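Colleague: Chain order of the listed sequences is V and X.
Going by our numbering, the letters in the first sequence line up with residues 1 to 254, in that order.
Going by our numbering, the letters in the second sequence line up with residues 255 to 724, in that order.
Calculated directly from the structure, the hints in this document are not laboratory data.
No experiment lies behind these values; they were computed from the predicted model shown.
Take the hints with a grain of salt, since some may be wrong.
Non-contacting residues of chain V with respect to chain X, defined by C-beta distances greater than 12 angstroms in every case (computed) [what the hints assert, rightly or not]: (1) 30; (2) 49; (3) 62; (4) 74; (5) 75; (6) 77; (7) 85; (8) 86; (9) 114; (10) 116; (11) 153.
Heads up, incomplete: computed chain X residues facing chain V, CB under 8 angstroms, no partners named [said to hold, decoys possible]: (12) 268; (13) 271; (14) 409; (15) 476; (16) 529; (17) 534; (18) 547.
Glycine included, every Cβ here is placed at the ideal spot set by N, Cα and C.
Letter by letter, the chains look like this.
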Amino acid sequence: MASSMADARTEILDRLRRVVDEPGRMFRSYEEVRRPEVPMHVTLAEGDSLALAKRFASELEAVKGSYEIVDDLSDVPARVIEQIRSWESESDAMDGKDPRPLQVLGWDPGKLPLPGIRKPLAEAGIEWVVPDDLLDDEDRQRAAAAATGLTGVEAAFASTGTIVLAPAEGKSRAASLLPYRHIVLVPIAAIHPTIESWLASLRSSGQLADLVRDSAQLAFITGPSKSADIELNLTLGVHGPKQVHAVLFDSQRP
Amino acid sequence: MPVEVGAPYRRRLRQALDDEAQRTALDRATARLSAQRAQALAAVDNPRLRQNARAIRQSAIQDLPKLLEQLEANLLTNGCQVHWARDADEATRIVCGIAEKSRTRRVVKSKSMVTEEIGLNHALEALGIDVVETDLGEYIIQLAGEPPSHIIAPVIHKRVEDISELLQRELGMPPTDDPAVMCAAARKRLRQEFLNADMGISGCNFAIAETGTICIITNEGNGRMVTSMPRVYVAVAGIEKVVHSVEDAALLWQAASRNATGQNVSVYFSMSSGPRRHGHADGPDEMHVVLLDNGRTRMLERGYGDATLCIRCGACINACPVYREIGGHAYGRTPYNGPIGAVITPLLADEPASHKELPFASSLCGVCRDVCPVKIDLPRLLLDLRSDIVESGATPRSERLAMKAFARSAEAPARFRRLRGLARLASRLPVRPPPLNRWARTRALPPVPRSGFLESRKRRDRDGRGEPRG
Chain V
1 MASSMADART EILDRLRRVV DEPGRMFRSY EEVRRPEVPM HVTLAEGDSL ALAKRFASEL
61 EAVKGSYEIV DDLSDVPARV IEQIRSWESE SDAMDGKDPR PLQVLGWDPG KLPLPGIRKP
121 LAEAGIEWVV PDDLLDDEDR QRAAAAATGL TGVEAAFAST GTIVLAPAEG KSRAASLLPY
181 RHIVLVPIAA IHPTIESWLA SLRSSGQLAD LVRDSAQLAF ITGPSKSADI ELNLTLGVHG
241 PKQVHAVLFD SQRP
Chain X
255 MPVEVGAPYR RRLRQALDDE AQRTALDRAT ARLSAQRAQA LAAVDNPRLR QNARAIRQSA
315 IQDLPKLLEQ LEANLLTNGC QVHWARDADE ATRIVCGIAE KSRTRRVVKS KSMVTEEIGL
375 NHALEALGID VVETDLGEYI IQLAGEPPSH IIAPVIHKRV EDISELLQRE LGMPPTDDPA
435 VMCAAARKRL RQEFLNADMG ISGCNFAIAE TGTICIITNE GNGRMVTSMP RVYVAVAGIE
495 KVVHSVEDAA LLWQAASRNA TGQNVSVYFS MSSGPRRHGH ADGPDEMHVV LLDNGRTRML
555 ERGYGDATLC IRCGACINAC PVYREIGGHA YGRTPYNGPI GAVITPLLAD EPASHKELPF
615 ASSLCGVCRD VCPVKIDLPR LLLDLRSDIV ESGATPRSER LAMKAFARSA EAPARFRRLR
675 GLARLASRLP VRPPPLNRWA RTRALPPVPR SGFLESRKRR DRDGRGEPRG
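Use the sequences and the hints to build the structure in full.
Modeller: Okay, here's the thing in structure tokens:
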């Protein structure tokens, strides 16, 4: 088996090497092309950090997400609790046999932009689950019962309302994927104008390749899970969260 | 009666045209997708986007062997296992081997045309493995026992009432015409599949050489589930999917999203670069990448490299006046339909004569070329394929004879005049002789003129009205 696979590799690469020497032979309408040296910005966004935050919010809303901009940092936990409680009465949307409306599947609090948030949530009767190892069946069933996911972000893009999540220790993929609702804490300093401007800054600081590789899976998420497969009717919450709620705040302001 | 994909070409066309329900569904969906696309592209500098996307794809194909080696090296560094497959058989054997070694009983899949191309589900099921499609549309057609009829909207040929009936029968869903209720029924069922599956399988939208990364575009989140929840993840990637850089993949993602559904970007874009790292709570223990040729190198060798630039957005399919009438199943046993399917289906096939009708299933109106985000000249490729097919002698005998007769008569003016006289006579007959009768059933015969170019030229010269010739 191993040798026949080595053969496949050699055969495919040998044939390709022969054919790519003559691009005029491969392409009917051959014209010489050059890869763009500076990537094109497909979308644009401008302004100071507050303007970018507002743009992010409006783009997220346009794709059926929701948001709130919180001026005072100390108000953030109360707003998150309020949001979770407002969903408690909506029984329509729960996964699992034994759903837990007041359970949060979260990142390790130490990895959130607001580490202190765990205590006020616990005091409000909201249980916090941090999975260690989702290959364990018990952990898996527990994780699947939580109604709300709570995460931070690696970055966000104003021009498309996109958040980027990079898995790491204490930052599970499941928190933004399994629960019916996802609350994402977004410090406005994490909002970049566009995906291209974010990539350019990582490229110039030499961190891009490492971030992509070390995270094992970089996830770009733009609004709630959706499908138009049933005669182009828009349905939300097909497999991922039905609601994506961004809480925007300025973590640098005293 | 639905279209039987295994039926002969003409019967498939007849069935498709007779299927009023399907035509209603297709009309609604393709018109809306095309309108959404136009709106999304009006908001950006589309000429520049196309130029960039073309340059990214073409330069990747020109550097293909080098990029594939770079991709492989980086995937290995990232902890992936890399497999090469010359054809469908080799690819399915590799995936079945991984499944057996990992004692896989249950597989969840995200929508992927390349695994349809190689018949992977069938091969896994033959081993007694449960295979569940998790894209909502793909799940619905799996329940219906049908193949997909569109590369991005697999169940585009069914109306909402057909789908409701199917889910009531298969899942015991209470009667409803509300897509949200249908969606919730599927979510509930598929959620357990995700949590219990041993292996996840996906295709690949782009493979980034510089980082060793497999990119998947989805809207539902099933792509993230399939690549994150099971302990083994297998990606099947056509060798043409490779691109140079992360920036290149980011541009193509946006081009694909706008052209496919009119979204600025898809809801999810997952970039997987290997199994979960030490300390991570989730992600697969093993990640395998199968690099598949299956006719792609042959496409380049035969000069059809333009077709390997395709990013599978489906814009040409939605715009095609032929697809809009007949739908995907009329193209036969292939996951690729519409204009791009009519090109790559015969090229991917082993024997050149199979699927030989498909390049003729086009009016060459050119709308596919105009909408293509990577500027593939599809009408040109269709014409070239037609000429290949004619040269290989795969056209009907009557057509070859007629062409021969025409060629001979056109060699001599006297013979040509006789042929014209015959044609004039034949065009006035109330009944047409075969094979003209069949051809003329849906077409008007052009009137045959009394005299031709040579005669009128002579007359003009005689009357002294012609241009003086030196």
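Colleague: Which of the listed hints are broken here?
Modeller: 1, 3, 12 and 13
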